[in-house]
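*Asks:* Bring the two chains, given one by one in their own frames, into a single complex with the hints.
Protein sequences appear in the order of chains A and B.
Under the numbering used here, think of the first position of the first sequence as 203, with each following residue one higher.
Under the numbering used here, think of the first position of the second sequence as 87, with each following residue one higher.
Source of the hints: derived by calculation from the structure; they are not laboratory data.
Keep in mind that the hints are not guaranteed to be accurate.
Computed far set for chain B versus chain A, every beta-carbon distance over 10 Å [said to hold, decoys possible]: (1) Pro100; (2) Ala164; (3) Ala206; (4) Glu207; (5) Arg214; (6) Thr215; (7) Ala225; (8) Ser230; (9) Ala233; (10) Leu244; (11) Arg339; (12) Arg344.
Where chain B lies over chain A, by a calculated footprint (3+ residues, C-beta under 8 Å) [to be verified]: (13) 222–228; (14) 476–488; (15) 528–536.
Predicted model only: the values in this text are computed from it and were never measured.
Even for Gly, the Cβ is constructed at its ideal location relative to N, Cα and C.
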Amino acid sequence: MILVAAKNLARHRVRNALAILGIAVAAALLLDMVMLAGGMERSFERMLLSRGYQIRLAPKGTLPFDTEATLPGAAALSARLRADPRVRAAGAVLGGALFTVSGDSLLPLAGLGVEPEGQGLYELDRGADLVPGDTTGIVISATVAAATGWRSGDTVRIISGTDPQIARASSERRLVVRGVVHWLYAARGQRTVGIALPLMRRLNRAAGDRASMIMVKVTRDQDVEPVASDIRRLAPAVEVNSVTTLVARFRTRLTYFRQLSLILGTISLFVGILLVTTLLTITVNERRGEIATLRAIGVSRGGIVRRVLLEGALLTLAGNVIGLLLGLATARYLDGILTSFPGLPAAISFFVPERGAVLRAAAALLVAGSIAGAWPAWRAARAPIAATLREEAT
Amino acid sequence: MLGILAALLLQTPPPPLAIEHRLARALALSVGDTVRVRQEPDAPGQLMVVGAIYAPRADPATVLRNEFHVRFHLPDLAGLLGARDRIDRVGVSLVPGVEPDSAARRLDRLAVGFRVRPSAEIASESSRTFLVVSRFHRAIGVISIVASAIFLLCIMLLKVEERRLDAAVMRMIGVRRRTVFTALLLEASLVALLGAALGIGLASLSSVVVNAYYGHRFETDLRFALLTPGITLFGAVLSLLLGLLAGGIAAARLVRTRPLVLWRRG
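This is chain B alone, in the form it adopts within the complex (with noise of 0.2 Å):
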């Protein structure tokens, strides 16, 4: 009897481990239960109790993957793995004023069968599918900006044209081409000022609903789309600009022409 009790006090309770809340609520896990866990699906596993529940850092590398996470001590996963005293990556903290390139070339000339490499190099390396997304979505704004380019014109084309009337009349009665001009170019800023006024509205709504459809999707906090007061600037600016550019040149050729052809085409 008391051997008995002996061997249920010396008895080691099961290891702990974090389960991150998403994948408490898939499995319907609270603190405290008991769960098994293995490395291979044929593998006997070991029996685990959930100590703690926590929400993972958002990562934007991993967030479309959509994976479970899982957190245990180190000797526990290695026995798991039966893989003891053995790992995968060891994160060095440098006394200050030491560099990290040089430390790393000096760590990696210790043995073979490890690759020292400064944090800032694996930051470059694992952001490189950002940099390719980001460079994707630089073309399609390139696109997107010559395809608003052009439209902006033609609209400022028709929209000039359709004052021909009041500028040959405006002519007529003597006022110069430069006031004509002025006025045309004026009237073509302000109606690009009101689009890119609309266009920014917009995009702050779409951007709200793209964050709300992808943070529900995908149950985090990550903004997926991001309109910073710097990207509306150059909207504005550029439409700006563009308005301009278009309102000029259909501008200029209406003045060019002459009052009594604009008037006959009337």
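Isolated chain A, as found in the complex (with noise of 0.2 Å):
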């Protein structure tokens, strides 16, 4: 039967060639904005996992590193957190501007105090990397050794706190550069150092214990959302983020692409269904004689709606295999767009393609496709066998 209804579209090429290309174009945007709404979310919980620590603790009311707000008593929480046995590390990050001398004028540089023995935000690449208590290193991200021609082992300025009434700089360190590290969750371009978070308030006259946020590793991933509850009851000055909370907050806020990709998705649907019925619609039409002759020998109803419903689901078949290919390319194309937003950090992704969203959207065309083809198979079961072969005879 599979054999027949092939050689069935093969007998109109120019069109069904067309309506496959139509079909395909459709399954790539539907593949598209399957991996849209589900791609951005993923992308930014694999980041947020990446060095596995999945409490934030951020001041009351903001985001980590949302507003310039700071939390009171930061070293002090995560040193208590450190002791729990079921939290593996913590660590407060103070983040804030600094500056680097190239040439005669000044280089901002985005500044980070972390704990080294509780940090989750960067990965060492080349070199060493901070230790606790650390007065004099800083590691530097290769966007800053490429702008600056710093190496490891290198003794470099750092300057914080710029004043321009008196034209110079507050604060002036020399420090040596321990390593090159890739910070997960800077921007594409973004000159990010790290220093140890004692010599970082130092350094911005930040007062007391300080810090933009905490980061904890809980041990056992079912313990997570039982420490963040104590944690609350613990710090209730503190807005305690687990990364399922995050996660909830920032599909809030790509809302509009979570919508597009559901009008857009739709869209795609309906014309792919459109196209296939037309088609088959017109196939049929065509065919009242043969389907009558068909069903004058002895062929039943179902056997006719068998085979009509057949050729979309070969035509919707064929489409999809073009669309995954064309849908692939295109997400990769769309995705350079999309993550040239700027200030997005270097490791979100928006369109992921991920096995369940392909076979996701491939699924709900074949099947789309396939129903599309009940409303002209129904009707070339229906019509009239004597009346029809004698229409076609006269």
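*Replies:* Okay, here's the thing in structure tokens:
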């Protein structure tokens, strides 16, 4: 029966080739939209868990690094958290603006003060890492290394608190580059450097034991929520964000893309259905005589319905295969556009090609395409045999 | 007694602040209410009086963040933040005739610690997000146009093929190929124009729905979908051209086929 359906389709090569192409573009768009709908969240979640830290503490009512507000008693709190047997690692982070001298001007750097014993912000690429209590070391990103020419072991000038009224830097230190690191949450081209938290506080003249964020790594995943609840009780002035809550808030901010993907996905599915229905309706109309003859020689209504449905399914299947390749290529192109958002972490992707997403899109279109043949198939099966044959003969 | 009275008279009233109407509604605040404002959750904060409730200008850059906005007098905010006589930025209005770029360069050389940039440069940088969104929309638009073109070509081919018996009869009674071709082309362009009109109607309706939905969701009068005369004209012209192209290809195939072959296929 599949062979018969394929032969029937081959009778109108141009129109069916066009239909397959049309279904392929609709399938490609549908696949892209399915990838867009879930890809951002998965990519964000993957980025958050890249070092295994499942909980982030931020000032009440804020998201980590969303404002300039800071947490009180940060290092004390992170030390207390480290003492919890369920917690594998915890570390406070303080962000601030730093500069270095490049030629006759200042080069701005994004500075992060970390606790090396519990940092989840970077991975060491080459050289050495910071150690707890390191007051003379600095780790830099490859972007900083490229912009400044610094290498591991170099002594460099780091400036903070530039004061326009006295026209000079208010604080300056000479630090040794320990290593080059990969910052997990940095935007493309961002010049980020890391130093020990106490040194960052001194450079930025931050009062007291304050930090922008504390990251917590819990040993067992099932302990994440109980640990988060305990922290909420322990420090009520702190916003405790597990990865799940951060993903939920991220999802709210990207509502636009989710809704766009839903609308465009539905339109492409609708276009696919419309194309298959139109084509099969016209094909069935053209073959009324042939179908009536088949019915006259004993082919059942069910048999006719199955043939027409199979033709629809074959068309959709062929369009799906081409659409899959086309969809992956366009997703790559569209991802290139969206990931150029200013300030977006380089690790974020909008279109994540996952097996589940690909299968869901293909299955949705295949089912829709097969069902699209139902109306023409029903019409073909219901056509009166004698009247149709008489009509065809005259 | 007099001392207490003097102290009461000399006591400075809480400074005023202006809050946006959404915040006023969310916290059930009205003008004259006293609120405590803190920089950090653990800070003692300061009492302030709601002096005004305002409607902020719609800003597409911040609308999706759904944040509440509050306005202070500069010294009040600086005091609250513990950063007296410090600011984030200064706006400079130049006298007519002064070139912003050269003025910015001159001011930039005055001291370290600040950077002077012309407003046009800042506007260009802050609109980068919208440029990215715009590029994304354009790419999606191109994909949609390709899909519609193929769809249209396919439909036109079917539509014209449906007329093969008529075309065969016309050719057999002596109607010229060119006339048959023109008739089919005209029919295709009419179908395309009707489709375009329907599409424009659908787009107008959906833009009204989109604007109503997002306007309500983000409590803003920003317009999220804009159907300009330019876009309408572009859509109509494009669909007419695609219709003509698709109809032309299909009609050319039909008139090239011999009438008897067409008749037999009918």
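*Asks:* Next, verify each hint and record whether it holds.
*Replies:* Here is how each hint holds up against the structure:
{"no.": "1", "hint": "Pro100", "in the structure": "holds, 22 Å"}
{"no.": "2", "hint": "Ala164", "in the structure": "holds, 14 Å"}
{"no.": "3", "hint": "Ala206", "in the structure": "holds, 17 Å"}
{"no.": "4", "hint": "Glu207", "in the structure": "holds, 14 Å"}
{"no.": "5", "hint": "Arg214", "in the structure": "violated, 5 Å"}
{"no.": "6", "hint": "Thr215", "in the structure": "violated, 6 Å"}
{"no.": "7", "hint": "Ala225", "in the structure": "violated, 6 Å"}
{"no.": "8", "hint": "Ser230", "in the structure": "violated, 8 Å"}
{"no.": "9", "hint": "Ala233", "in the structure": "violated, 4 Å"}
{"no.": "10", "hint": "Leu244", "in the structure": "violated, 5 Å"}
{"no.": "11", "hint": "Arg339", "in the structure": "violated, 8 Å"}
{"no.": "12", "hint": "Arg344", "in the structure": "holds, 18 Å"}
{"no.": "13", "hint": "222–228", "in the structure": "holds (count 4)"}
{"no.": "14", "hint": "476–488", "in the structure": "holds (count 5)"}
{"no.": "15", "hint": "528–536", "in the structure": "holds (count 3)"}
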